[in-house]
Amino acid sequence: MATANMKDVKRRIKSVESTMQITKAMQLVASSKLRRAKERALAAQPFFAALYDTMSDISNDPAFTSIYTKKKVLKSTLFVVIAGDRGLAGGFNSNVLKLASQKVEELLEKKEKVSVICVGRKAVEYCEKRGYDVVGRFPQVAESLNIVDAEDIADEIIEKFRCAYYDQVDMVYTTFVSALTQEPVAVSVLPVQDLATGVRSKSLTEYDPSPEEVFDGLIPQYLTGLIYAAVVDSFASEQAARRTAMESASDNAEEMINNLSLLYNRARQAMITQELTEISSASLNDSE
Amino acid sequence: MNTFKLKIITPEKIFYEGEAVQIIAKTAAGNVGILAGHTPYVANVVPSPLKISENGTDFRIAAVSSGIVKSENNIVTVVTTAVEWAEDIDVARAERSKERAERELAARASDKEFRHAEQRLKRALNRLTVSGKM
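So the protein lines, in turn, are chains U and P.
My numbering numbers the first residue of the first sequence as 1 and each following residue consecutively.
My numbering numbers the first residue of the second sequence as 1001 and each following residue consecutively.
It cannot be assumed that every hint is accurate.
Simulated pairs of lysine-lysine, BS3-like, Cα-Cα distance not exceeding 27 angstroms [claimed, not checked]:
| id | chain 1 | residue 1 | chain 2 | residue 2 |
| --- | --- | --- | --- | --- |
| 1 | U | Lys38 | P | Lys1007 |
| 2 | U | Lys160 | P | Lys1122 |
| 3 | U | Lys38 | P | Lys1013 |
Hints are computed from structural coordinates only; laboratory data are not their basis.
Chain P extracted, bound-state conformation:
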């Protein structure tokens, strides 16, 4: 199977670097699958599960927060502020931050706090979804 070079970059480290057959990322418009030889392409990624296949049949799943996905010359780069493998997610912590965000949303504080809480809730829900605990 044709492979392409995949790089997942966060400010803290290069999270992943290697050959992959397919990735499925979620953009604002919906899921986008990228295979080897994709045309040059750039899109924003929303907090979601990112599916990566190294052999074409099995998918590894990682939780990504917002960022971009970029394909160029058979190199696909995912640049995001935070990413975690599904199996590494601390479910208890995600539960806690979900509950906290929900409480804050219920408290209906200022506009800004509301949006912050909403974002936190989205992140927490995403991580819970990815870890398969929801």
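Next up, chain U with everything else stripped away, as it sits in the complex:
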């Protein structure tokens, strides 16, 4: 019986070891991807700041109006939900999707029309399973997201907003707080709100052809930048979450291996002791 047990334990140690190899490798991959994603997220900052400045400058003009800033009676909302393409990232996907479904259901209860644009395979799967009205699917763009993809998503949103299918656009994604904390957030995208409203005065800047047209013209870029930044942010969070999850998985595997080795050594010792007893008792019997 002891030999069978030993074989089992040995097999288990081997399997845990190979799992640990995988989790270790994933951890390393996630850390290097995290570093790159953080750089990308940082590089997107100046673009966004420049656009935002211009937009708040324009909106400070008292005479300024735009269909993109008007607040409307809420009747239909479009959500952009950004999650990952793969699992094994701790609570990353489930946290952000939970927040998204909470927001969607809140509005559905009020009998409002809600549609969803999903970025990331997990978001697509989740929203379809829940039976939401999915109007846009963008799986597997997060890792190699380039600006053209972001433009496509932004185009789709702007078109629907301009046609007044929706009077509000919100975005749910995960923001990278630190390597250990990532927080799911919901932000409002359109209509544009919270533009810095300092002293509302007519500025001396000359807008060609008019402030309104410049503003409306740069909305696509603003939205593209916003989406790009959010996807990059979410991707960095995913990598950080995966790294943490894989780190603890590796730690757990190590602990399991330690326990199993102890078990194995005990079984081995028990067997040797038993053999010794058998030999000595046999030789005792012989000498009699």
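Given the structure of chain U, go ahead and fit chain P onto it with the hints provided.
For chain P alone, coordinates are given in the frame of chain U:
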């Protein structure tokens, strides 16, 4: 010659930062030249060649997609989603995306696809123009 500070910003990086004597950008209304000491000015830029002169005589050309150009306190900022120097443009790729866009336009799909293809064609044509291959 008087210079001003020029910055070209994309979401991916700060593409250019330095002193320039003149830039010529194309807005919806036509070409606009900006020299040092320009009054505060903001306009939308359409996909077009952007000409930048660092010494007042020679121009470097870059392909920009849509964005804005802004002049303020002798700092000129061009904010755009994509920009490439003329010499860095992958002509073969631009040709390919031009052909693809033309095919899609010919196929006369839905309204939305038509507009997408049209935009892609504009981008591809712009890049080909800038690289001097057309």
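Going through the hints against the structure:
1. U:Lys38 with P:Lys1007: Since the Cα atoms of lysine 38 of chain U and lysine 1007 of chain P sit roughly 23 angstroms apart, the hinted pair holds (cutoff 27 angstroms).
2. U:Lys160 with P:Lys1122: Distance of about 22 angstroms is within 27 angstroms: holds.
3. U:Lys38 with P:Lys1013: 13 angstroms, holds
Going down the numbered hints, you'll see the structure goes against none, and every one checks out.
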